[in-house]
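If you're matching them up, the sequences are chains A and B in order. Per the numbering used here, residue 1 is the first one in the first sequence, and the count goes up by one each step. Per the numbering used here, residue 1001 is the first one in the second sequence, and the count goes up by one each step.
I should point out that these hints are in silico values taken from the structure, not numbers from a laboratory. Heads up, the beta-carbon is just placed ideally off N, CA and C, and yes, glycines get one too. Careful: at least some of the hints might be erroneous.
[Said to hold, decoys possible] If you only want the chain B side, here are some residues facing chain A, beta carbon under 10 Å, derived:
| id | residue |
| --- | --- |
| 1 | Thr-1005 |
| 2 | Leu-1093 |
| 3 | Gly-1239 |
| 4 | Tyr-1273 |
| 5 | Ser-1276 |
[Claimed, not checked] Have a look at the derived ranges for each label pair, beta carbon to beta carbon:
| id | chain 1 | residue 1 | chain 2 | residue 2 | range |
| --- | --- | --- | --- | --- | --- |
| 6 | B | Gln-1114 | A | Lys-6 | 35 to 45 Å |
| 7 | B | Thr-1058 | A | Gly-246 | 33 to 43 Å |
| 8 | A | Thr-20 | B | Arg-1097 | 31 to 41 Å |
| 9 | A | Thr-58 | B | Thr-1058 | 13 to 23 Å |
| 10 | A | Leu-179 | B | Ala-1007 | 54 to 64 Å |
| 11 | A | Lys-6 | B | Lys-1006 | 50 to 60 Å |
| 12 | A | Ala-215 | B | Gly-1246 | 53 to 63 Å |
| 13 | A | Thr-58 | B | Pro-1094 | 28 to 38 Å |
| 14 | B | Pro-1094 | A | Thr-238 | 48 to 58 Å |
| 15 | A | Thr-4 | B | Asp-1062 | 29 to 39 Å |
| 16 | A | Thr-46 | B | Glu-1271 | 15 to 25 Å |
| 17 | A | Gly-13 | B | Arg-1175 | 29 to 39 Å |
| 18 | B | Thr-1058 | A | Leu-298 | 37 to 47 Å |
| 19 | B | Asp-1062 | A | Gln-22 | 27 to 37 Å |
Protein chains: 2
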Amino acid sequence: MAFTTKATIASFGGKLLKLTHQSTTTGTPMALNLFLPPQALTTPPTRVPLLIYLSGLTCTPDNCAEKGFFQPGAARVGLAVLYPDTSPRGLDLPGERASWDFGEAAGFYLDATQPPWSGGYRMESYLTEELPAALFGDGSGSGDGGAYGAVLDRARVAITGHSMGGHGALTLYLRHPGLYRSVSAFAPIANPSECAWGRKAFAGYLGPDREGWRAHDATELVRGWTGGDLKALVDVGTGDQFYKQGQLLPENLERAAREAGVQGLTVRYQEGYDHSYYFISSFSDDHINHAAKHLGLLSE
Amino acid sequence: MAFTTKATIASFGGKLLKLTHQSTTTGTPMALNLFLPPQALTTPPTRVPLLIYLSGLTCTPDNCAEKGFFQPGAARVGLAVLYPDTSPRGLDLPGERASWDFGEAAGFYLDATQPPWSGGYRMESYLTEELPAALFGDGSGSGDGGAYGAVLDRARVAITGHSMGGHGALTLYLRHPGLYRSVSAFAPIANPSECAWGRKAFAGYLGPDREGWRAHDATELVRGWTGGDLKALVDVGTGDQFYKQGQLLPENLERAAREAGVQGLTVRYQEGYDHSYYFISSFSDDHINHAAKHLGLLSE
Chain A
1 MAFTTKATIA
11 SFGGKLLKLT
21 HQSTTTGTPM
31 ALNLFLPPQA
41 LTTPPTRVPL
51 LIYLSGLTCT
61 PDNCAEKGFF
71 QPGAARVGLA
81 VLYPDTSPRG
91 LDLPGERASW
101 DFGEAAGFYL
111 DATQPPWSGG
121 YRMESYLTEE
131 LPAALFGDGS
141 GSGDGGAYGA
151 VLDRARVAIT
161 GHSMGGHGAL
171 TLYLRHPGLY
181 RSVSAFAPIA
191 NPSECAWGRK
201 AFAGYLGPDR
211 EGWRAHDATE
221 LVRGWTGGDL
231 KALVDVGTGD
241 QFYKQGQLLP
251 ENLERAAREA
261 GVQGLTVRYQ
271 EGYDHSYYFI
281 SSFSDDHINH
291 AAKHLGLLSE
Chain B
1001 MAFTTKATIA
1011 SFGGKLLKLT
1021 HQSTTTGTPM
1031 ALNLFLPPQA
1041 LTTPPTRVPL
1051 LIYLSGLTCT
1061 PDNCAEKGFF
1071 QPGAARVGLA
1081 VLYPDTSPRG
1091 LDLPGERASW
1101 DFGEAAGFYL
1111 DATQPPWSGG
1121 YRMESYLTEE
1131 LPAALFGDGS
1141 GSGDGGAYGA
1151 VLDRARVAIT
1161 GHSMGGHGAL
1171 TLYLRHPGLY
1181 RSVSAFAPIA
1191 NPSECAWGRK
1201 AFAGYLGPDR
1211 EGWRAHDATE
1221 LVRGWTGGDL
1231 KALVDVGTGD
1241 QFYKQGQLLP
1251 ENLERAAREA
1261 GVQGLTVRYQ
1271 EGYDHSYYFI
1281 SSFSDDHINH
1291 AAKHLGLLSE
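Can you make the complete structure from the sequences, with help from the hints?
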């Protein structure tokens, strides 16, 4: 469970930690980046809330840490940001690196049920169980049994993500009520059962039975949501090629929420923005503020 | 002189233009990125001032546009930002790609005098003559004869840069009084005649006579500066491996300015920061504000 610190990088008065640890869930080493804002680096240490950012296809923990522009806002409000990886790496499964939208760097934030993926492609369990326990502690004691339990507040966690990571943020939020205080997403794959990326991933990881896909599809999950106000912010660029290709389908999520009478989903269509980090960075401050309000850092 | 627009990317309410043009100075196509803030995109167009950012060794125009975090501040104050390339590319000179600190992506922002480099490695002329003329106009008329003369104010230009680009910003500023309203630098190679990077580059581009190097060394140039207040801001991270190796030597620049009685050089040593874009991005807002004050966008 222990983390190895590969690098400690000064950033916006805080520190970006490049970490790795051996995961029993995936059976591989897992890399992650953790930004600690200056508010967490006091003596004695102060616990700060945490925003988890899930990256999109092809990404590592580094892409958003370098290009997402989350750190200035996080340093301003006093929020830690966690950048996990997008899949296990190094399992050397057949076909694992054959395509950019399945296998390595394309884990889709679920636990695969189909061999050979079911052995290690278990990103949902990794992110909701093993990684929090390693960071915060095992939950049995004072909350500071984990490597960063003294500086991270396990009771105040929010989640966000981009594209495949937007799908991950929305589905983990909807599947684990109470685990996160709020959710947001940039250009999420909002109805994966109905798009090419999602069908390929779900067929491969979950098998051909579409019934089993519903439990990992934000648009299906929101229909059964009974957790009250959704506290969800979604941004989509109207110039996004993948939006135009029908890979994202945010309108389906909006319609499902509306039909189910679920309140608290804000979807913004940002004129002319694309699918890149230029889009993410332009609105990351809004997503920091969204999380910060629900984490008690800013007044709502 | 005409630019080809390879991409137009929405960013912070403005637009990042990925441009290329055929340079007669270098004899090659030259790529550049130009960020136009929202203030430049009004109807009719409004002229905004320009900050030129010169990148370090190995970089293209993309690195800082993606990782430098200049756009949010530039959009806030109404400042365009130009990201030129770090050398000609494609000349296929012998040894041009043999090392990362000489030749391609390592042009050192000077006009080489030694063959074969003297044919195309003329980044100083490119940056101070051809590129401004192409952007702003030829100077003979109303100032809007260039491709972006209607939105860029040729009379209000500032310059900044990182590492080799910090050397470039300081030396172009000191060699061309009046061309730029202010200068700043992140971890500049401040006394290239006295460090390994600089000696290799100067020997290769300018020849073995060290006397000729003085005209391209900021520490030497500042001794002869007669332009009054220097309007220079320099940041250096104390955790920067290249600072610790003696490649940057900002103390030599400080001492030379002090001995010459030159005022207006602020050098800040930032505790624990490294040489990366994590360092640049943490202080880019300060450099935007420094330029903005001298460009009349913010009160001093």
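For each hint, the structure was consulted:
1. Thr-1005: violated (15 Å)
2. Leu-1093: violated (32 Å)
3. Gly-1239: holds (7 Å)
4. Tyr-1273: holds (4 Å)
5. Ser-1276: This interface hint holds because 7 Å falls under the 10 Å limit.
6. B:Gln-1114 / A:Lys-6: 35 to 45 Å: holds (41 Å)
7. B:Thr-1058 / A:Gly-246: 33 to 43 Å: holds (39 Å)
8. A:Thr-20 / B:Arg-1097: 31 to 41 Å: holds (33 Å)
9. A:Thr-58 / B:Thr-1058: 13 to 23 Å: holds (22 Å)
10. A:Leu-179 / B:Ala-1007: 54 to 64 Å: violated (39 Å)
11. A:Lys-6 / B:Lys-1006: 50 to 60 Å: violated (35 Å)
12. A:Ala-215 / B:Gly-1246: 53 to 63 Å: Roughly 59 Å apart at Cβ, these two residues keep to the hinted range, so it holds.
13. A:Thr-58 / B:Pro-1094: 28 to 38 Å: Cβ of Thr-58 of chain A to Cβ of Pro-1094 of chain B: about 36 Å, so the range 28 to 38 Å holds.
14. B:Pro-1094 / A:Thr-238: 48 to 58 Å: holds (49 Å)
15. A:Thr-4 / B:Asp-1062: 29 to 39 Å: Since Thr-4 of chain A and Asp-1062 of chain B have Cβ atoms about 31 Å apart, the given range 29 to 39 Å holds.
16. A:Thr-46 / B:Glu-1271: 15 to 25 Å: holds (20 Å)
17. A:Gly-13 / B:Arg-1175: 29 to 39 Å: holds (35 Å)
18. B:Thr-1058 / A:Leu-298: 37 to 47 Å: With a Cβ separation near 40 Å, Thr-1058 of chain B and Leu-298 of chain A satisfy 37 to 47 Å, so the hint holds.
19. B:Asp-1062 / A:Gln-22: 27 to 37 Å: For Asp-1062 of chain B and Gln-22 of chain A the Cβ distance comes to about 35 Å; the hint holds.
Of the hints listed earlier, those the structure fails to meet are numbers 1, 2, 10 and 11, in rising order.
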